[in-house]
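Colleague: So you can see what is in the structure, the chains are spelled out below.
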Amino acid sequence: MKDEIKLIAGGMVMLALATSALVVLPYLQVRQVEPTPGLRPYTAAELRGRATYIAHGCVYCHSQQPRAANFAPDLQRGWGRASVAGDYAHDTPHLLGTMRTGPDLFNIGARQPSDQWHLGHLYQPRAYVPGSLMPAYPFMFDAKDKADAGDVVVSLPPGYKPLGKIVVATPEALDLVAYLKALDRSFAALPAKAAPASAPAASTVAR
Amino acid sequence: MNTVAILLSAFVLSVVALLAFIWSQRRGLLDDGPEGARVIFAPGEEGRIEEPAAAPQEAAALQRSVDAARGAVATAATQADLQQRAQADASSAPVVFFFLCCAFVWLVVASAAGLTASLKLHLPDWLSQQAWLSFGRIRTIHLNAVAYGWAPMAGLGIAMFVLPRLFGTPLVGGRFALLGGALWNAGLVAGLGAIAVGLSDGLEWLEIPWQIDVLLVAGGALVGVPLVLTLLQRKVRHLYVSVWYMGCALFWFPVLFLVANVPGLHGGVQQAAMNWWFGHNVLGLFYTPLALASIYYFLPKVIGRPVQSYNLSLLGFWGLAFFYGQVGGHHLIGGPVPGWLVTLSIVQSMMMILPVVAFTVNQYQTLQGHLGALRWSPTLRFIGVGGLMYTASSIQGSLEALRSVNAVTHFTHYTVAHAHLGLYGFVTFVFFGAIYFIVPRITGREWPYPRWIAAHFWLATLGFSIYFVGLSIGGCLQGLAMLDAAQPFMVSMSLTVPYLQSRSVGGALMVASHLLFAAHFVALILGRGPERTRAARIGAAVGARP
Numbered sequence: 002m003k004d005e006i007k008l009i010a011g012g013m014v015m016l017a018l019a020t021s022a023l024v025v026l027p028y029l030q031v032r033q034v035e036p037t038p039g040l041r042p043y044t045a046a047e048l049r050g051r052a053t054y055i056a057h058g059c060v061y062c063h064s065q066q067p068r069a070a071n072f073a074p075d076l077q078r079g080w081g082r083a084s085v086a087g088d089y090a091h092d093t094p095h096l097l098g099t100m101r102t103g104p105d106l107f108n109i110g111a112r113q114p115s116d117q118w119h120l121g122h123l124y125q126p127r128a129y130v131p132g133s134l135m136p137a138y139p140f141m142f143d144a145k146d147k148a149d150a151g152d153v154v155v156s157l158p159p160g161y162k163p164l165g166k167i168v169v170a171t172p173e174a175l176d177l178v179a180y181l182k183a184l185d186r187s188f189a190a191l192p193a194k195a196a197p198a199s200a201p202a203a204s205t206v207a208r
Numbered sequence: 120m121n122t123v124a125i126l127l128s129a130f131v132l133s134v135v136a137l138l139a140f141i142w143s144q145r146r147g148l149l150d151d152g153p154e155g156a157r158v159i160f161a162p163g164e165e166g167r168i169e170e171p172a173a174a175p176q177e178a179a180a181l182q183r184s185v186d187a188a189r190g191a192v193a194t195a196a197t198q199a200d201l202q203q204r205a206q207a208d209a210s211s212a213p214v215v216f217f218f219l220c221c222a223f224v225w226l227v228v229a230s231a232a233g234l235t236a237s238l239k240l241h242l243p244d245w246l247s248q249q250a251w252l253s254f255g256r257i258r259t260i261h262l263n264a265v266a267y268g269w270a271p272m273a274g275l276g277i278a279m280f281v282l283p284r285l286f287g288t289p290l291v292g293g294r295f296a297l298l299g300g301a302l303w304n305a306g307l308v309a310g311l312g313a314i315a316v317g318l319s320d321g322l323e324w325l326e327i328p329w330q331i332d333v334l335l336v337a338g339g340a341l342v343g344v345p346l347v348l349t350l351l352q353r354k355v356r357h358l359y360v361s362v363w364y365m366g367c368a369l370f371w372f373p374v375l376f377l378v379a380n381v382p383g384l385h386g387g388v389q390q391a392a393m394n395w396w397f398g399h400n401v402l403g404l405f406y407t408p409l410a411l412a413s414i415y416y417f418l419p420k421v422i423g424r425p426v427q428s429y430n431l432s433l434l435g436f437w438g439l440a441f442f443y444g445q446v447g448g449h450h451l452i453g454g455p456v457p458g459w460l461v462t463l464s465i466v467q468s469m470m471m472i473l474p475v476v477a478f479t480v481n482q483y484q485t486l487q488g489h490l491g492a493l494r495w496s497p498t499l500r501f502i503g504v505g506g507l508m509y510t511a512s513s514i515q516g517s518l519e520a521l522r523s524v525n526a527v528t529h530f531t532h533y534t535v536a537h538a539h540l541g542l543y544g545f546v547t548f549v550f551f552g553a554i555y556f557i558v559p560r561i562t563g564r565e566w567p568y569p570r571w572i573a574a575h576f577w578l579a580t581l582g583f584s585i586y587f588v589g590l591s592i593g594g595c596l597q598g599l600a601m602l603d604a605a606q607p608f609m610v611s612m613s614l615t616v617p618y619l620q621s622r623s624v625g626g627a628l629m630v631a632s633h634l635l636f637a638a639h640f641v642a643l644i645l646g647r648g649p650e651r652t653r654a655a656r657i658g659a660a661v662g663a664r665p
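Protein sequences appear in the order of chains Z and R. For the first sequence, counting from 1, position 132 maps to 133 in our numbering; every step adds exactly one. For the second sequence, counting from 1, position 439 maps to 558 in our numbering; every step adds exactly one.
It should be emphasised that the hints constitute simulated quantities derived from the structure, not laboratory data. Hints may be right or wrong, so weigh each one.
To be verified - The calculated label-pair distances, taken between Cβ atoms and stated as ranges, are:
{"hint": "1", "chain 1": "Z", "residue 1": "ARG41", "chain 2": "R", "residue 2": "ALA301", "range": "46 to 52 angstroms"}
{"hint": "2", "chain 1": "R", "residue 1": "PRO213", "chain 2": "Z", "residue 2": "TYR43", "range": "49 to 55 angstroms"}
{"hint": "3", "chain 1": "R", "residue 1": "TRP251", "chain 2": "Z", "residue 2": "GLN77", "range": "35 to 41 angstroms"}
{"hint": "4", "chain 1": "R", "residue 1": "LEU602", "chain 2": "Z", "residue 2": "ASP116", "range": "31 to 37 angstroms"}
{"hint": "5", "chain 1": "R", "residue 1": "ALA337", "chain 2": "Z", "residue 2": "HIS91", "range": "31 to 37 angstroms"}
{"hint": "6", "chain 1": "R", "residue 1": "GLY383", "chain 2": "Z", "residue 2": "THR171", "range": "29 to 35 angstroms"}
Given the structure is predicted, the values throughout are model-derived calculations rather than measurements. Glycine is no exception: its CB is placed at the ideal position from the N, C-alpha and C atoms.
Based on the sequences and whatever the hints tell you, model everything.
Modeller: Right under this line is the structure:
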């Protein structure tokens with residue numbers, strides 16, 4: 002190997018092979034995939050909430066890819082059926098995630114549809130889930146003496162409210178909750194005639 | 120796409136490639152013979168140690184131990200032998216010094232951010248009032264400060280030092296690298312600031328907004344200029360194995376970074392595949408080759424003995440180049456991506472065992488009989504441990520790619536421990552060793568306090584052992600609990616708490632060792648510490664300073 006041209010050319014061919022396999026082929030195969038029937042595009046508020054989800058790095062603890070039953074008991078936990086490529090047709094950037102320090106959130110909107118639960122849980126996760134390791138996001142809320150018109154007041158369990166104040170959600174928190182509630186892929190992954198018998202019971206609340 | 124066809128063709132391709140290598144080696148096509156391994160030595164230099172990080176007594180003991188292993192006493196060096204290398208060192212010194220200073224700053228920043236993130240994982244209400252200190256951001260600042268600060272600054276600085284030596288010529292165009300390094304660091308400061316205020320591209324390893332990435336691309340390209348210019352001026356006929364790794368790494372990284380950051384190109388599941396193609400290749404085709412190149416240079420250099428088998432190093436290099444690039448899909452096992460992609464990556468992950476074993480056998484044979492040298496050489500101690508950790512993390516990584524193992528470990532802290540075994544136990548340890556070697560050569564000053572080097576080594580080793588063992592056990596238990604549908608999800612979280620605490624303890628020791636390392640560097644620059652008599656620049660020991 003005396004010739005640097007040969008060395009670099011060889012190295013680049015190797016990288017080209019890898020890039021073809023892991024970037025180009027998936028690009029051809031799944032970049033323009035049809036959305037799963039039943040999947041709607043995000044609203045403007047949900048997209049702002051998604052940006053907040055990214056800005057606060059939720060993806061580092063929460064996956065968005067329930068696994069098949071032969072891999073993990075995700076369906077039994079109420080996390081939903083195994084996801085398919087079409088479920089992510091509107092997801093850029095992708096938020097599949099690689100950690101489950103917290104639970105999978107791909108169907109959190111289906112199993113936890115309450116605004117107040119989400120807001121209180123973001124303000125102080127341990128108010129609703131004792132022993133949770135999730136960070137609190139108090140900076141997404143305002144502590145006020147009294148609510149103004151249009152304010153969304155967060156109702157918190159006793160002991161979690163700041164003394165003599167009420168907690169009001171900022172637009173950032175409301176958008177984030179809108180996004181979390183939009184995370185609902187409880188529709189079937191396949192056209193109705195080919196749907197498997199074990200259609201997901203994703204509305205079950207389970208943790 | 121037919122899964123069986125893809126699986127079969129990947130396998131056939133891999134085996135054919137392997138056979139081609141064996142055949143070509145038998146024919147001697149790729150082989151420069153043992154002479155290739157000797158190009159790092161001046162004529163007659165074999166058997167003579169080069170270890171600027173060792174104190175005089177240590178260096179003498181190191182030379183005695185090498186003499187004993189060889190059964191011959193090394194000849195004394197002459198000024199003429201070493202002149203070329205002295206010139207190479209002098210030419211690269213300002214550039215290397217700049218890169219290493221940046222590396223030290225990022226090491227300290229990244230350590231502080233990492234320890235904060237670790238603590239916050241088991242103290243979730245600590246420092247929860249500031250958004251930029253929340254786990255999701257400080258963890259990301261830690262990763263980016265390591266991935267684009269410490270690792271590339273140290274790696275590029277080392278490459279900038281080693282390549283002129285290997286080309287037998289002074290560094291040409293160092294000013295481009297200084298400008299490039301400045302742009303790169305400006306980009307990184309802006310990038311970390313963006314992450315802190317919540318501006319992120321949203322992909323792991325690719326969080327820095329693409330508008331800022333432009334600075335890193337321009338900076339990286341400028342850093343490459345002097346390396347190409349120097350290559351064109353080379354005085355040696357043969358390109359040593361370290362040059363293959365460093366040369367290819369410097370061409371691979373820009374392609375990876377550019378393709379991954381093109382705005383608007385990627386989306387949905389395809390973006391996930393691209394994300395892990397990048398995420399794994401930035402480790403496998405950038406940091407790993409830079410660190411392996413350092414081992415291939417410094418390990419033989421310190422003990423004055425050429426690499427045992429040059430053929431094995433060829434197999435190791437081309438095996439890594441071929442197999443490593445395709446393993447990224449194993450981050451998506453069980454995910455909503457095409458099955459063939461995952462299968463291909465699992466196959467290639469297992470094939471990675473080949474180049475890793477080739478490297479390991481080679482290094483072991485080179486060190487055989489010289490294990491005593493580990494005791495006397497700080498450089499060798501760090502690099503030796505780093506090399507072992509390369510083997511360990513690679514084999515572990517191959518096993519983690521198996522579906523049965525992956526089902527347990529994938530979404531857990533086990534993966535975090537594994538990532539640190541690679542980027543800390545292997546890459547960072549090797550870079551530590553190389554920096555201990557390089558700094559005296561480029562500053563003309565010796566490390567003032569040899570005991571601090573030993574303290575750094577033992578603190579880092581002990582801290583990392585606690586970190587790795589604790590987090591691996593915790594991650595395993597976490598994964599098993601998650602797979603057990605009878606247990607509520609919360610069990611998988613709460614059982615990790617003691618292990619997360621042990622990680623913080625180990626991490627604190629690691630941070631302490633880094634602070635000591637950085638303080639030692641500052642003391643050296645400021646000229647503190649006892650006056651040392653042995654000259655730090657090469658060639659100076661046998662006569663006047665060059």
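Colleague: With reference to the structure, classify each hint as holding or not holding.
Modeller: Tested hints:
Taking 46 to 52 angstroms as the suggested C-beta distance range, the pair ARG41(Z) and ALA301(R) conforms, at roughly 48 angstroms. Here the CB-CB span from PRO213(R) to TYR43(Z) is close to 52 angstroms, well matched to the stated 49 to 55 angstroms. For TRP251(R) and GLN77(Z), the hinted distance range of 35 to 41 angstroms is satisfied, since their beta carbons lie about 38 angstroms from each other. Checked against the hint of 31 to 37 angstroms, the pair LEU602(R) and ASP116(Z) passes, with Cβ atoms roughly 33 angstroms apart.
In this structure, ALA337(R) and HIS91(Z) meet the distance hint of 31 to 37 angstroms, their C-beta atoms being roughly 33 angstroms apart. The given range of 29 to 35 angstroms is respected by GLY383(R) and THR171(Z), whose C-beta atoms sit roughly 30 angstroms from each other.
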